[in-house]
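Enquirer: Spelled out, the chains give:
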Amino acid sequence: MAQLKVLVVDDEPGIRSGVSRILRSFHVTYPFMDEDYTYEVLEAATGEEGISIIDREMPDILLLDNKLPGIQGVEVLEYVRKKNYDIVVAMITSYASLDVALKAHNDGAIDFIPKPFTPQELKISIEQITKQQYLRRITHKLKVEGRKVRFQFLSVLSHELKAPLNAIEGYLRMMQERQMGDSISDYASAIDRSLQRIDSMRNLIMDLLDFTKVSFERQVDKLQDVKLKDLVSMAVGTVSPYAIHKDIRFVTNVRGCETIWADPNDFEIILNNLVSNAVKYNRKGGVVTINIDCNDNEFILSVEDTGIGMNDEECGMLFEEFSRIKNDKTRNISGSGLGLSIVKKVVKLYNGVINVESVPDRGSVFTVIIPKIQVTNIKAEL
Amino acid sequence: MSSKVYTVLLADDDPDYLFQVAYHLRKSGYEVMAVESQAEAEQVMARTKPDIAVFDLMMESDDSGFILCYKLKRKYPDVPVILATAVTRETGITFGLNSGQDREWIRADLYLEKGIRPEQLDQAIRKLLKI
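For the record, the sequence lines run as chains Y and W.
Taking the working numbering, I'd label the letters of the first sequence as residues 3 to 384.
Taking the working numbering, I'd label the letters of the second sequence as residues 948 to 1078.
Cross-link-like lysine-lysine pairs, in silico, DSSO-like; alpha carbons within 30 Å at most:
#, chain 1, residue 1, chain 2, residue 2
1, Y, Lys164, W, Lys974
2, Y, Lys331, W, Lys996
3, Y, Lys231, Y, Lys374
4, Y, Lys229, Y, Lys350
5, Y, Lys7, Y, Lys133
6, Y, Lys133, Y, Lys117
7, W, Lys951, W, Lys1020
8, W, Lys1074, W, Lys974
9, W, Lys1074, Y, Lys164
10, Y, Lys331, W, Lys1018
11, W, Lys1077, W, Lys1022
12, Y, Lys125, Y, Lys7
Everything labelled a hint here was simulated from the structure, so no lab data went into it.
No experiment lies behind these values; they were computed from the predicted model shown.
The shape of chain Y in the complex, shown without the other chains (with noise of 0.2 Å):
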């Protein structure tokens, strides 16, 4: 239960115990909210009054009539909008002129009671003005934590992106002072581990490519029969010079369904993330397997290694940005910590799933879930 204020300025004692007296056996429920709303009811007499109420006790909701004594209501409602206060105003009156009405609504008013209203008129107004608010406050804190979320992306971005300049620059600095020796060769492995710093940053830049696609509207026209197996073929081939250095052999079933409705990027880069994977996390000699089938409603498709597996903690962490398992096993493994966290991304505009078993010093298998009716998504969730 969630209580909103309620000021009522009017000149008129019987108007405002009448509000008070409707308001106060009142409740709006909405299916959007969490919870009931009821009123607690604050009487102005003057226009005056009400601009003090206003500052000590920001009532969520204003009823102004125009026509005061003093001051008149138009003015208090521009003092609302100067301040920009959180309070949804509406007008009661009882002859709106037209200027009056104008005014009042370019000013933020944002609806007309007239006057005398039937208990029944004001609860029908009062309900309005409450989802109004509601959805106002909750559009605003949602903006804000998009903002949040994204600030968080961008600093653990910078972070990861400033790291691997830290390591060089230090080599560098190294060189430059010749701290390690005269010649080129006490520097090996300084240039060598520079270079993969290097490597391991552009990695994560053409990945962050892929997240901000994969992250924009979704490109309908885009979408065509995308044939699954030729996809497999060319993730397998991008990846076969590092898998024929570890020597890790390549299994590809298809069982049904070889071809998805989709954005063949999206599968692309589902693919080549997961198999990449498959192969970085495999031991030498291992296997990596792919399988793709479907039964009446879905297409599963999963990515199988013979590698250094994760527990279910490690497991966890996995579709998290920027996570990175860490530890004996992982380390001279390069990663940005994006690829799974876009693949999720990817899987969920198509209303899909991933799901990952591990047994540590086993293997992993990643298993993709679409439903054959996609209701597309229109926008990817950032």
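Got chain Y; can you put chain W on it based on the hints?
Expert: Just chain W now, with coordinates in the frame of chain Y:
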């Protein structure tokens, strides 16, 4: 520096940063125990008492450095700790500790921005060790 060799426990999950800082400190005459994680730092703390510790803030978890500060101070209240972090400058977040209770147990003797020059770190360490 006096004839005593001081031991620095240095923890940072960026292997290159760790290598570089350790290199400089060793060159300045310190003995350095360099570790790449909170877990390793805890293992070292369990068996050895360093003369001073330099911890990175974010390692396995976002507050690894804080936890290490706490554990070190509980075991060796007289050992000074430097918390080196890039977080403050990049985010503007000044240690956003949620409660007074949190604030009570985080007792680094000094917060340093990461990326300071090796001489500055050396200076800070000397000051805390009073040498």
